[in-house]
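> So the protein sequences, as listed, match chains A and B. Using our numbering, you'd call the opening residue of the first sequence number 1 and step up by one each time. Using our numbering, you'd call the opening residue of the second sequence number 1 and step up by one each time.
It should be emphasised that the hints constitute simulated quantities derived from the structure, not laboratory data. Think of the CB as a built atom: it goes at the ideal place given N, C-alpha and C, for glycine as much as any other residue. A portion of the hints provided could be inaccurate.
To be verified - Example chain B residues on the side facing chain A (calculated, C-beta under 10 Å, incomplete):
#, residue
1, Q32
2, V47
3, L48
4, F72
5, K119
6, P139
7, K160
8, G296
As the list claims (entries may be wrong) - Think about it this way: if two alpha-carbon atoms lie no more than 25 Å apart in a straight line, the pair counts; the simulated DSS-like pairs of lysine-lysine are:
#, chain 1, residue 1, chain 2, residue 2
9, B, K119, A, K87
10, A, K68, B, K30
11, A, K126, B, K30
12, A, K30, A, K94
13, A, K68, B, K220
14, B, K133, A, K127
15, A, K87, B, K133
16, A, K30, B, K220
17, A, K68, A, K107
18, A, K164, B, K220
19, A, K94, B, K41
20, A, K68, B, K67
21, A, K87, B, K30
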Amino acid sequence: MKLFLSLVISTVFFIANADAQKIFATRNGKVTFSAPNDEDVTAVNNEVTSRIADNGQMTFSLLIKGFKFKYAEMQDHFNDQYLESTKFPRGDFKGTITNLNEVNFSKDGAYKATVSGDLTLHGVTKKVTVNGTIEVKGGKPVLTAKFTIVMNDFNVSAKAVAEKVNVEVSCQYQ
Amino acid sequence: MMIFTKRLLAIVCLTLTTQMIFAQQVDLFKMQDSTNAADNKNGHEPVLNTFYSTRLVNGHTVEITGKGSMDFRINHRFSPLNLGFYEMFGLDAASMRLGFDFGLTDNLMVGIGRTTYFKEYDGFIKYRLMHQKTGNGAPLSITWEGSWAYRNLKMDPTLKVTSSDRTVWTTQLLIARKFSNNFSFQVSPSFTHYNRRLFVSGGSTDMFAVGFLVRQKVSKRISINGEYFLQTQRFNGMHDPLSIGVDINTGGHVFQLHFTNSQGMNDHSAIHETSGTWGNGDVRWGFNVSRIFNIGGKRK
Chain A
1 MKLFLSLVIS TVFFIANADA QKIFATRNGK VTFSAPNDED VTAVNNEVTS
51 RIADNGQMTF SLLIKGFKFK YAEMQDHFND QYLESTKFPR GDFKGTITNL
101 NEVNFSKDGA YKATVSGDLT LHGVTKKVTV NGTIEVKGGK PVLTAKFTIV
151 MNDFNVSAKA VAEKVNVEVS CQYQ
Chain B
1 MMIFTKRLLA IVCLTLTTQM IFAQQVDLFK MQDSTNAADN KNGHEPVLNT
51 FYSTRLVNGH TVEITGKGSM DFRINHRFSP LNLGFYEMFG LDAASMRLGF
101 DFGLTDNLMV GIGRTTYFKE YDGFIKYRLM HQKTGNGAPL SITWEGSWAY
151 RNLKMDPTLK VTSSDRTVWT TQLLIARKFS NNFSFQVSPS FTHYNRRLFV
201 SGGSTDMFAV GFLVRQKVSK RISINGEYFL QTQRFNGMHD PLSIGVDINT
251 GGHVFQLHFT NSQGMNDHSA IHETSGTWGN GDVRWGFNVS RIFNIGGKRK
C-alpha cells in the first residue's frame, strides 16, 4: 500500500515536472520601426507585450499609437494616414521557434533562433520568418531580432514615405 | 498511523494541486487574443485628428500644433464674387493674414499673426483641457483659446484713439467630439470685448457668439467643412459668418479652400465684423495654407 502510494506520488511528480511549462513575459519590450533611407523616420515603441514559452511559442502585441517619433506631426501622419491606427489599433505576431532543440531556456548562453509565424499589421496577416538571438542570462531570456517588411504586403500605400521598413525587436523577459 | 495517513493525504493533495497548475499547457496564442481583447476594451488612447488643422476656416478647432513644431500659415481672402467680371469676380484684390503658430507642449500652443484688415496684429494662447479618448475614456475634447488683436491702422486724430482703444480681446471654449473616423463636430461659445467700437455702431462692447464647426471626411486626405457663428447681437450692417470649405491634407501641408462671407481672418473680425451676406453674392473665395516645420529637439 505504502509502495503503491509512493509510486503514484512519484509518477504524478514526474508527469508534473515533464509537463511544467515555463512562460517568460514582458510588458515593456522595445520595437523600433525605421525607414532605411531617412534617419528622421524612426519610431520607438517601448510598451510591447510579449511572451515566450519554452515549448517554442512566442507572441508579440503592440499598439500602433505607442510608436513615438521625433516629430509630433510625423507621428500623427503615421497613425492617421499610414497605418490607420484608429481602424487597426494593433500590431500582432504569433510564432513558433522552429529550431527549438538548439535553444535551452534553462541554461545560460546565447542561442540563434529562427521563428516563423503570422505577423498582423494594418489588418493584414502575413507569414514571416525571422532570425534572431535568444540570450539566456540568469535563467531569463533576452531576445533581439532585426528584419525588413515590405509595406505593400500589408496593404499600406507608402510610396511617398518608405516602401520598406526595418524592424528591430529587443525584449528582456521576466 | 492516523497522523501518517493525514500527512500522506496532505502530500497527495499538494502534489495533485501542483500537478494541476503545471500540467495545463497554456496556449500563448489564445492567451494573447484574450489579453488583447481585454486591453482594447479598457483602452484609453487619445483620439487623433478630430480636425486636420488648428483652424477650420477662420474658427479655431480643438487641435493643438504638435510639440516642437512651427506652423506657418498663410490665409488669403479675395474680394467678393459679386463684383463681377471687371474685378475678375474678386480675384483682383485680396486681404491676407500671415501667421506663425508654435506647439510648446503636447497641450499648449501660441501663435502670432498680421492681417491686412485694419492692419491688425494678433496673438493667441490655446490650451487643451481635455482630450477625447477611445474606449470608455473622456467623450469630448475641450480646448480653451484666448486671443488679443491690435488695430494698427492710422486713424483720424480727431477720434483721439488710444492704444487701449485699438485693442480687442476674445476668448473661446472649444468643445468637440470625433463621432466617427470621418465625422467631427465642434461647438465654440465665444466672448469678445472691444475696448472701444471703431468703425462699427450698434451692438455692444461685449459680444457673444456660438460657433458650430463640422467636418466630414470624404477620403483619407480630403474633408468637407462647414463653419457658422451665431451671434447673440450684431453690429449695424454685420451678419453671421458662414463658410464652406475643403481640406486637403498631404502630410506636413494642409490646404484649405473655401467660400466665406467674412473678410477678417482673426477671431473678432471673422466672428463679429462680417459685412457680406451669402444672399446677395457677397461671398469671397479664400484659402489657407498650413506648412509644418519641425524646430524642436528630439522627442524622447
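> Enumerate the violated hints, using their earlier numbering and listing them in ascending order.
Of the numbered hints given earlier, those the structure breaks are 4, 5, 6, 7, 9, 10, 14, 16 and 17, listed in rising order.
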